[in-house]
Every structure is written in structure tokens, then in C-alpha cells.
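S.K.: Throw the hints in and build the complete structure from the sequences for me.
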Amino acid sequence: MTTTTGPAAVIDKTMAADPARARRWGWWAVVEHLVLRMRRYIATLLITGIGSPFLYLLGLGAGLGVLVDEGEGVGGVPYLTFVAPALVLASVMQTSVQENVLGTFGGFKWFNMFPAMRLTPVTPAQMAVGVQVGALIRVLPLLGFYLIAVVAFGIADPLRALALVPVGVLLSLAVGFLVMGWVSTQEHDRGQLSFVERFGVVPLTLFSGTYFPLDTLPGYLQPIGWVSPLWHAVELGRAAMYGHRPGIDLAAVHIGYLALLAAAGAWLSVRHFRRRLDE
Amino acid sequence: MISARSLTKRFGDFTAVDGIDFDIAPGESFGFLGPNGAGKSTTMRMIAATSTRTDGDLTVLGLDTNHHGPEIRAQLGIVPQGDLLDEELRVIDNLTVYGRYFGLPRAYVRRRAEDLLDFAQLREKRLSRVEGLSGGMKRRLTIARGLINNPRIMLLDEPTTGLDPQARHILWDRLFRLKEEGTTLVVTTHFMDEAEQLCDRLVVIDRGRIVTEGSPSSLIRRYSTREVLEVRFGSSRNEEAARTTAGIGDRQEVLPDRILIYADDGENALQAVLDRGLEPVTSLVRRSSLEDVFLRLTGRSLIE
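From first to last, the protein sequence lines are chains E and S.
Residues in the first sequence are numbered from 0 upward in steps of one, following numbering that gives the first Met the number 0.
Residues in the second sequence are numbered from 0 upward in steps of one, following numbering that gives the first Met the number 0.
Hints listed in this document are in silico derivations from the structure and should not be mistaken for laboratory results.
Keep in mind it's a predicted model, so treat the numbers as computed, not measured.
Glycine is no exception: its CB is placed at the ideal position from the N, C-alpha and C atoms.
Listed next, the stretches of chain E that the computed footprint assigns to chain S, with coverage defined by at least 3 CB atoms under 8 Å from CB atoms of chain S:
#1 8-14
#2 115-125
Coverage of chain E stretches by chain S, computed from C-beta distances (three or more under 8 Å per stretch; other residues unrestricted):
#3 31-45
#4 104-112
#5 266-278
M.R.: The following block contains the structure:
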């Protein structure tokens, strides 16, 4: 007797989706998707990630630094020591902004990521968190390369330099969620997306005590620094790297402010994602 | 499996779905048939728990769609109208990435994606970027993606719109296999042939309301005759000719481009037309279809 077997069944009844697991780990599945997308331009990421720390530190240290240090440095430390944490964190902010502008807008409009995820157990909150963790996956290597450069140039001792990592993470979350909260309301790209970079990142970098202490600015410009997440992060970074005052005394305020921005941005983002994905 | 009572969706002043009732049983192939804008896709999105209903009740697998979205979607395979593939990723990656959203283990998702490539007949395209695929291939990939979580219910929104006839037949063949296995299929379509091919039972939906319900053959029996004679006299002469053909067959519809004569025996009806001295430019006897049912119920053609 012969038996004929048809093609294997399409539906595998031995394995069903696991909603409980998806509820816990949905955000991580979002990260996996983003990392897979990053693999397509990994070479560019690595070249800019490794190249820019060395170029910036070398350029500012060997050029501007020499000029400034002919005086007595800044606040009692050499210019390169003063500027290094700010450069690292400005870079973190820029990367987080890029990832969030492109990831959020693109996820809705260009590569269908969020609308497709919407068909699965993944929730809008998990999507928002996933994109932030995805941004951190770009931010962390960047921080790593900067730290290597900082140590290589003899700017700070490795342990103190390492303290920049949590500061960078907090800054990335604060800026990232805020940008996401706004971009997620944008339905069409009419050039306004580049405003974040031009009228957000650039002025904040210039007026957040990055290249010079905030108090050298005229009084009426200083409030820009006080509301800027970058300034709060830089104050923390300088406190960590060389015990800068009053950064170290106000650490709780700086951390609290950044955490508050992150929480407000997260709340807005999730709200907008929910609204936009409910058809 | 799916049960709706007075299901309603309003967008501001516009009522897209206007208090509809239906029940879909396990293993059934159920269709929503209607013209564009009838409310089919909105109903589908409410079943998928991606659109919050305004009023009424809707449960899928015993769960309320307004409160258990993730739990419901974990057991659904959704094929949306616009595919929603990540076109910059490779074919295989689109499957694995999606599988992970359902909380399935990585090794399992990889194995399952390979099986589904065969099912979707996309083995050779495994490592191609999606953007280079044809419309039919993208559609098959979307169906394969929808199957990755071994869903109990498959929701297909206009599965073959925009595909050429050959691609449609390949797709129907794949869906037929799913149906044979006992997967519950819910399909929206504005194609009569598709509804007749795929659906055990369907509702005809127009302007957010259910107009009628039944199996394709029972609807044809109820609202049409066995055969239809289509005669054309040239667009300017159809109206005039219709005055002479009056009384032939059970019923007639005069359309701008042709006259439809509903009769159990189409050849007999044609003979009667000729006997009255009329000479149609073309004539065609065909079996009744759901198109005729729709025309009868709404007075309008499905694809306007």
C-alpha cells in the first residue's frame, strides 16, 4: 500500500504567537528591525563615528586650544579638557536628533514601519521606546569612540571619562523623545523637518556653553542655555570629567531636568503615535 | 470567531459603517463585497483592532476589539491594502523582522520564513530587496508575512486589486490552500469573480450598510436568473431598442452601453430579440454573477 503525502501544512499548529512575550519584548523587536536597517549603511556609520571624534578633538585642541591656553585655559583647566565633554555630548544630541527625525517620520511615511507594526501585538508605546533604544545603539558606539579619543589625547582618566556614558544616554532620551513628540505630528515633509537641525541643534550647540562658558554670553542670551538640554548635560559631563563647579553641586537639578524632558517627550510621543495609528 | 452587533464607525459627521451585524464561524471564508468607499476596509480595520469603533459591539475570538488589541492581533494574519512592506529590506528580512513582533523565538522565525518563501513561490527572490519585486510578488510576500504567526484568522483587504490576471490566479490558488486547511478567511473585495472564487458566504455592503447576505450561489438565485443576455446596439440606440425588447425574459436593465436581459434560457431570449426584428451589434449569453446581484440591489454598477 502506498501513502501519498500532500505538501506540508501552511499553518503550523504546534506554534502560536505569544502575546505575553510580545507585550514584554515588543520594543526589542522594534530595535531588531532598526538595527537591520542600519546594517545597510554600516560603513558610513563607522567612518563618521570613528573619524569625527579624532578630527574635532585634534582640530580644537591643536588649533583653538593653543590660542585659549595662552591665557590660563578655561575655569582653570586646559581648553581641550573644557571642550571635550561638550563636543561628545553635542555629537550625541545631533545623532539622537537625526535618528529620531528620520526614524519617526520615515517609520510612518517612507518605510511603513509603524503602520506594519500596528498589525501585530506591538503597541504604540513599544514603538516609541524601540526607536529610542535604536537611537542609543548609534549613540553608544559614538560615545565609545569619543572616550577612546579622550583617553588617547590624555584629556581625562578613563574612569572619569566613562561617567559621560550615562549622561549621554540621558541626553539622547531627553532630546530624542522631544523630537519624536513633534515629528510624530507631522504628516508631510515640506522641508520643516530640517528645521530641527537648523534652528534646534545648531543654536543649542552655539548657546549651551559648548565652546565657551555660558556666563561669557550677554545676560539676555543665557536663558537659552538654561532651557537647553545640552547645557544641563554638558554641566554634568564637565562635573564628571574634572569636578567642574557648580555643575557638581547642581547635579541633581541637571539630572532632574533632563529626566523631566525625557518623560514629557515620551508622554507626548506615545499620545501622538496612538492617535495617528488609530484609523 | 467574529461577532458584530450594531457595529458603527463615524468620522466626524460621516458615518462610514452604519450599525451592521454579522457572525463569522471557524473555518469559514467570509466576504465583504461592495464598491469603493462602502465601508469594507473600515470594518476590516475594526476587526483587526486597529480602528476604535464608535458604537455597537465587536468581539474577535471572544475578545472585545476596543480593549484587547494586542491579544487579538497576535492571532490574526493581516494583509492590508497597501502591503506595508519595508521596501529597502530584503525579502527574507521582511518575514523575520515581522515574525519577531509576535514574540516568536528567533530560530523558529527563521525556519518558518524559509517555509513561507516556498509557499509564496518566492524562493529565488530570497535575498532581493523588496523594491525590485513585481506587484504580484509583493502581494504574495505580504500574505506570507501575514502567515508567519500561524494565525487563526486571515484578514485580506482587497487581496488582488491592481494585479494582472495571472498573478490573481496564483494568489487565489494560495488562498484556496489556506481555506482547505481550515483557516478562517475574511476578505474584502469589489471583484465579483474574487468573491465567487473565495467566499463561502458574503455580505453585500453599500454606504456603510449591509444590503444582503448569503452564499454567492444563493444570492444569484435569489436576486438574478440563471443566465443573462447582454445585447449592444451602439450607445445612442440602446434606449430605443429597449422599448422593443420590453417583456423578453424576467427583467431588463438598460445601461448606457448595453441592455441586460435576465432569463433562465439566454439563447431563447436572444431568439426572441431577433424575432422582433432587432439586430444587435454584439450579443453575449453568460451565467449570472454577483455583479448582477449588486446591480439589482443598488441600481448601480460595482465599479463606477
